[in-house]
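A.B. asks: Chain residues, written in single-letter form:
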Amino acid sequence: MFYREAGDFKTSYADDSQTFPIRFDRLRYYAVIAVAFGVIPFFINDYWANAVFVPFLIYAIAALGLNILTGYCGQVSLGTGGFMAVGAYAVYKLMTAFPEVSILIHVLLAGGITAVVGVLFGLPSLRIKGFYLAVATLAAQFFLVWLFNKVPWFYNYSASGQISAPERTVLGHAVTGASTTAPAKYLFCLIILFALAWLARNLTRGTVGRKWMAIRDMDIAAEIIGVNPLTTKLSAFAISSFYIGVAGALFFSVYLGAVEVGEAFGIQKSFLILFMIIIGGLGSIFGSFAGAAFLVLLPVLLKNILVGHLGWATDLAAHVELMIVGALIVIFLIAEPHGMAQLWRLAKEKLRLWPFPH
Amino acid sequence: MNQMNPDGYTTADGRKIGPVLMEMKNITLRFGGVKAITDISFDIREGEIRAIIGPNGAGKSSMLNVISGFYVPQEGEVWFKGHRRGPMRPYQVARLGIARTFQNIALFDGMSVLDNIMTGRLTLMKSGLFSQAMWWGRAEREETGHREKVEKIIDFLEIQSIRKTPVGRLPYGLKKRVELARALAAEPRLLLLDEPMAGMNVEEKEDMCRFILDVNDEFGTTIALIEHDMGVVMDLSDRVVVMDYGKKIGDGTPEEVRNNPDVINAYLGVSHD
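Chains S and F, in that order, are what the protein sequence lines are.
Taking this note's numbering, the leading residue of the first sequence gets 1, the next gets one more, and so forth.
Taking this note's numbering, the leading residue of the second sequence gets 359, the next gets one more, and so forth.
One or more hints might be untrue.
Claimed, not checked - Restricting the straight-line Cα-Cα distance to at most 25 Å, the calculated cross-link-like pairs of lysine-lysine (DSS-like) are:
1) LYS350/S to LYS522/F
2) LYS510/F to LYS10/S
3) LYS510/F to LYS533/F
4) LYS522/F to LYS348/S
5) LYS10/S to LYS507/F
6) LYS10/S to LYS393/F
Hints are computed from structural coordinates only; laboratory data are not their basis.
Quick caveat: nothing in here was measured; it's all calculated off a predicted structure.
Use the sequences and the hints to build the structure in full.
C.D. replies: Structure (structure tokens):
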């Protein structure tokens with residue numbers, strides 16, 4: 001009896017299209033949000049923040065972004081790492097150029113700049129689709145990383161070629177730089193993620209989301225019923241890139257603090273986030289969270305079990321991790337292409353009638 | 359029948375047919391060296407059910423694609439609501455008030471029935487990206503308002519029970535009906551149906567006929583349809599265009615078309631002696 005839909009009647013259309021239409025779901029989500037905001041900040045320490053929570057929150061933003069583009073609008077992108085790099089370098093240039101402006105505004109502006117770059121690299125999507133588009137975005141990935149390595153202006157001519165985040169505060173608490181506390185980092189990322197996830201949910205349940213899904217499911221039919229493919233695809237690229245840019249900015253400024261572009265935002269990052277949405281669930285907000293949590297937690301868990309408890313060598317454990325992730329992706333693609341979100345949905349459908357299915 | 363009357367005519371069952379809504383003038387459509395449509399002219403009048411028939415490969419679907427803006431003819435003019443229509447993208451044509459269904463169902467499989475029908479109303483939705491992102495004010499009102507209209511269509515086509523089912527799970531006959539619902543949701547002036555009865559059993563065909571007649575009757579929608587089932591065509595339509603090998607070989611009431619020697623020739627063949 002932990003999931004009930006029966007007797008949950010709606011008497012208005014507004015009620016029926018709310019964020020969490022099922023009462024039980026709604027209460028549970030509220031509980032999770034309350035714990036995330038009200039409980040975790042008081043108990044979080046540096047290990048939990050750096051190993052689990054902060055990377056999870058940031059990857060969840062990136063996964064949301066890619067899910068909008070790939071899961072909802074059906075445009076495959078392998079340029080996520082490159083777009084994250086755009087966000088990171090944008091926030092770096094803004095932080096160093098305008099130190100007196102709030103970091104929050106810088107992060108959002110960095111998202112905006114990434115959105116512009118995303119639209120630029122999204123233009124080929126009007127002509128090509130599928131694998132060919134994936135290759136075009138792959139070009140974006142390599143070009144952007146090359147650009148940030150090659151042009152010293154982007155890293156302010158520093159000798160190492162790295163960028164590192166100076167200290168910035170929000171309401172008197174440092175959120176970037178060496179003296180940042182774990183709760184400050186966590187809350188800063190959580191608030192941004194919360195706002196962006198809410199916006200993503202609104203966009204995907206309304207007209208914009210339907211346009212994206214129409215293009216994804218059958219682009220010719222979508223055009224014939226009145227969807228303008230140009231603005232629809234580019235809006236998906238813009239919004240997706242905004243999310244990914246914000247994720248990149250936070251990844252650099254809050255999480256890592258110092259970044260070398262090829263290492264932090266290489267092609268592996270693009271694939272990691274693509275795997276997150278494949279495992280989590282394409283075309284699902286919940287799936288973005290599930291996938292990000294899974295791929296952030298899995299290495300931590302495996303490391304604790306294999307190295308901590310069984311005493312395996314670290315490199316062996318790392319290889320086993322790669323094998324497990326690879327196997328999981330193959331299994332998901334074959335058995336459940338819609339990912340963990342779909343498994344969850346199926347479980348809910350079964351539970352709707354449980355324990356009296358007849 | 360008085361076809362020349364510019365104000366329309368009255369059908370055998372007493373419905374008033376209005377003036378010309380859409381007129382095709384000397385349309386020629388080529389794919390490379392292949393002529394799919396050669397110099398065809400006909401008109402569709404306000405409130406009428408107009409059928410396009412012909413053997414396989416006659417160019418019927420191409421004609422429908424010309425009307426819906428998917429193909430741009432090399433020669434000829436398309437007039438709609440008294441204006442000549444320039445070369446347009448299909449989504450612009452949709453905004454003029456032309457909706458269609460497809461020969462092979464073209465629904466959005468990943469979305470629920472409700473969402474599919476709501477996409478039909480996209481051309482009527484005005485709220486901007488930001489207001490939708492906030493789900494506040496205009497966007498929310500608009501969503502609820504359109505939902506109400508969509509629910510009326512759901513009631514009309516008797517698909518209440520599958521409202522929230524993903525379309526991919528529906529049987530064929532229902533998918534066809536949902537597609538009709540999506541086209542209707544746009545509140546079109548002209549509704550194009552490409553083989554609405556293809557692959558259906560007798561019962562489903564009867565349902566579909568009833569819906570088509572009801573749509574025409576209740577909403578006053580002008581309908582142009584392609585169909586192979588001659589019984590259906592002769593019963594439903596007010597006037598029929600017959601095509602063969604990309605040419606028009608007949609045009610008139612079902613009765614006239616049935617007795618047209620060229621039409622009999624195209625369908626049954628004629629002995630060459």
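A.B. asks: Each hint needs a verdict: does it hold in this structure or not?
C.D. replies: Structure-based check of each hint:
1. At most 25 Å may separate the alpha-carbon atoms for a hinted pair to count; LYS350/S and LYS522/F meet this at roughly 16 Å.
2. Of the pairs offered as hints, the one joining LYS510/F and LYS10/S holds, with about 17 Å between alpha carbons and a cut-off of 25 Å not exceeded.
3. The straight-line distance between the Cα atoms of LYS510/F and LYS533/F is roughly 18 Å, inside the 25 Å bound, and the hint therefore holds.
4. Taking the CA atoms of LYS522/F and LYS348/S, the gap is about 15 Å. The hint holds against a cut of 25 Å.
5. Distance hint between LYS10/S and LYS507/F is fulfilled; the C-alpha atoms sit about 17 Å from each other, no more than 25 Å.
6. Using a Cα cut-off of 25 Å, the hinted pair LYS10/S and LYS393/F is violated, with the two alpha carbons roughly 56 Å apart.
Violated hint: 6 only; the structure is consistent with all others.
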